[in-house]
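One-letter residues, chain by chain:
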Amino acid sequence: MRRTILFLLFLLPHLTSAALDMSGLAAVPVQESGRKKPFLVFADEAMMGMTGRTSVERDGKKLASVEAVTGMWLAPAGWENVPLILINDKKLQERAGLDRTRKRYSYSELASSEGLRALLQEASALRAKNPKAKLDPVVKSAADAGMRLAVFEGLVSGRTVTLLPTGAAAWSPLGENDPALAKLRGGFASDDQASFDAGLAALRAEQASENPRFQADPGKIAAEVFYQRLHPFRWAWILYLCAGIVLMVSAGRTPGYLLAWGFALAGFGMQLAGFVFRIIISGRAPVTNMYESVVWVAFGTILFALVFEAIHRSRYFLMGAVPVAVVSLILADTQPVILDRSIRPLVPVLADNFWLTTHVLTITLSYAAFALALGVAHIALGKIILGTKPAKSLYNYLYRALQVGVLLLAIGTILGGVWANYSWGRFWDWDPKETWALIALLGYLFLLHGRIAGKWGDFGMAVGAVLAFQSIIMAWYGVNFVLGVGLHSYGFGTGGFPVALGFVLAEIAFIALAVFRKNSGIARPQGAVGA
Amino acid sequence: MRDLATVEGRAMSAGEAAARRRMIAERQKTSLAWRVIHWLGSLQLALILLSTIAIACAVATFTESSFNTKIAQAYIYKAPWFLVWLTVLCVNLFAVTLTRWPWQKKHTGFIITHYGIITLLIGAIIGMNFGFEGNVTLHKDKPPATKITVNRSIIQVESPVDSALYVMAFDASTAGISESRPRVFQVPGTSLKIVADAFSDNLVKEQSLVPNDNGVPGVLLRLTSPRMGQNVELPLLLQGGTPQEEDFFGLATIVFQSALPEPVAGDSETQMVFGKFAPVVHSGENPSGVGVLLSEDGSKVTIRSADQTSATYLREEIMKKPVPAGTAIVTIEDYWPDFQMQSGKPATKSPLPNNPAALVRIQTAGSGGAGKPSLVLAPGKEGVSFQLLRSGATVASGVAKPGEPFALGWADWQAEVVSFLPKAGVASVTKPGPPLPDGEHGIPGFRARLESPGNRSGEPRWVESGDITTLTDGTRLVRIGYGLELRPVPFSLRLVDFEVPRYEGTETPSNFIASVEFTDAKTGEKKPGTARMNHPASFPGTLWANLTGFNYKFSQAEWNPRDLGETTLQVLYDPGWLLKWLGSLGICVGIAIMFYGKPRSGASH
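Quick note, the sequences are listed as chains A and B, same order. According to my numbering, the first sequence is numbered sequentially starting from 1. According to my numbering, the second sequence is numbered sequentially starting from 532.
The hints are simulated quantities; they were obtained by calculation from the structure and are not laboratory data. All the given hints hold, so there is nothing to weed out.
List time: in silico DSS-like cross-link candidates among lysine-lysine, alpha-carbon distance up to 30 angstroms:
id	chain 1	residue 1	chain 2	residue 2
1	B	851	B	831
2	B	724	B	962
3	A	134	B	962
4	B	880	A	61
5	B	880	B	851
6	B	1058	B	673
7	B	851	A	140
8	A	134	B	736
Since we're looking at a predicted model, the values are computed, not measured.
Let the hints inform the model, and build the full structure from the sequences given.
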């Protein structure tokens, strides 16, 4: 026994030294794609850009992004045979003559693919003729793959690892004969922590010796390292999920309700912290791409739910908001290829905090209010499907959420017009994003006016809140990812269409079921079924 | 049935509310006017309007995505029926406020909102009819602009009677003209008619070489670039024995002259240079002293000229491109990151720069002439002979036979002599080209002919946008121009400076800043202005002008990455602006009052 412990003690330091500790490197600033960021973020983004995830397996060993990227940079030999580069497009796999059972391919596999090379040439020829040309999906995928290959080439050549603040406009990579680079290489190759750390210290010293005007702000870099490691939005959905589960199992009991409140507040705090970090890092409102808007809408939904809960103490707001927030945050957490979380410089038109905070925050908060209405409507319709009659107050809560949404959507759309008047030189010109915001607003107005006219009642309002939300999906996701035309092009992207379509179809099926159950007239007294 | 009206009603006593309802019902029975008002302001009509406008807009966005913006605007957004529909909406909004007459305090939000929408729409109609949107492209080195290009297509017809220009609005791309549905324009002051009966979005001017007994020697050259998918035909004539010189996209010059110049002996040698070994130095017949060094990782190339000045380039950027080094030209012809001879041929073992090697060609010019590369052609006994010159030295020469393309060494361009005629002229015809792929724009235009009474019809011709075409019925001539309208403005506008700051370490612009100078046409007064992203420049730009919209506003619209002395500004003159503003404010405030401005008592059970 004693011997075993001794043996373990002997083994322990050896185990830790086997893997080089690179945490020092993680906090070193790099200048890349328009801003200064810690090496950790640089590595995460490079890996995400190449492989669509932040870790990779090499020789049976799982490497985190910093380890892998450092490897490509300091000891590139062999990396060209590691299946790294993500190619999802089945058509492209076929055209490039790749093994279609895989999704990731090595650099040398792709570099030797004649099919891929032909497509890349086609893409560059098209772009040379017209930089804004809309590419054929396969050609577009090939161009994306080309960009991933370029990321790899940049790393193995060290060209893109711009570590030295030699100028405000552009930093430089370490020179081939740089003593720091030699030490880092030596330390990395022989797993020699001391040599690696010496290289790191030399690198830090070299960075510090450059002009202070071009240096990165150490506070911001430290904040970003912390943010990158914290994953606040992941914690948020876990906490919201806990709140939802507690609400489900603790029908009506106060301690359970309070506990749910606690979880929801904790999640909310995590999201708040996440946004504060993003604002500190980027210096702007956190609603500039699809990822940020999805996270923000989840935040807004919980915000409205908490405010309404504080007023009405009804449980339904939280119960309606939690699924919406959890689903949005899980999507944002698990679909990094579609929802890109990296902080990038903005197109000039967006780089205006006044309009970002007024127009974009208002519009996205209106989405959040409608998402809350969607959640509450689902509870009402769910009760009907389960055969209970929803209480009148539930419909009143739904109406309250719809009101907030209509007011914010009207204000947000009009603010968009005022912004456009300054940025694009016209108030309204039927740009698809503008038009879909208007269509969504008209849809909700139709819903409310029809109710005043007596065309439909409470049940109709719940059905309408679900149907009208589909127009929000179109305005939010569809214009950017499906239509792909218009001036809001900075938000355009691809992917996720089957998910969105599936969501819409599921909602329609849900409504059909509710209508069927309603008409079949089974209504047991409340509380008999479900919670 | 519990609706919002009754929720509102709870504030009043039940008796008062009932009396009011009776009064409203009563006046509809006794007065036709009230019946009409209640019908026009009915919720049924409102629901029809809301749903049809929403559906029309949705259809329009998909139309725009699958066709183009112009079609969506012509058939929906800016179509007469849509305008009528919006007018009906205004009437509905106005009538519904009347149905609540006499108004009570609880109607405040409702009235402000509905009148806000009407005000906004009136502002939009004023803006559409009395304002305009357009753009102006400015250049630092060009004289000030005094006209704005408006987003409206017009034709200009010059009447043969008084030579005056007549302007008519006409957009051939959305007019839907065809042979069975032509559009006819009367030529003012005459009995002549212009008949437009076909449209093309890709007109091409085809120049061809035609035999002409009084002509001069001519050659038709075809230049192709497989990589760019380009194909250019160029007819060249030898007018009076003087050489004809053509600039080729700024890339090179093409000269057609009576005889080829004496070849200029240059000297050229090809060498392999290795990253891990010493540089190569030119050692040809007349050594130029040029040295070429490849960096150890193969990413950079350093070229040292004879005068010992050296320059370092990123290898990728200068691959296969001639780089001048003093009087010599250095071209990196090929590159292998991990060089190895495989079955007698150079090859690379891996993509990693383990043993980088490059194939380098060093050319020296005999006379040391500089300038663009050129292709010189001359008629010879066996056809057309050619010479390729670079830096004054003859790089290649030969006889260009029809059907045998030869490489030019300008990117991947190739040239081929299509035909050679000893006596020729050039004929130019405008006609529709092949359909364009998505996202590309050609020169649009329409086919027109001149018709005189008795249906005597002249030859149809294609009228190209931005050009003037002459039509004839055999006896008279009518000149017709087609394109976007140019509108004069009461001031001139000069671009003083244009800056494009970038995000650190990238080529991505972070802003566009145009400094302009306005000069009032009447007073001659000068006023500076700056148009940044989100911060337009305006003229006259006073507070009053900005508030009312009697103001010309210039926002950054486009830039030219290849010419930073040029920028395009979007121009807006919108006298409806104040009403749009007030209307918008009304809508937001009104909804807020409606939802939150009343006691919440009735709503929470």
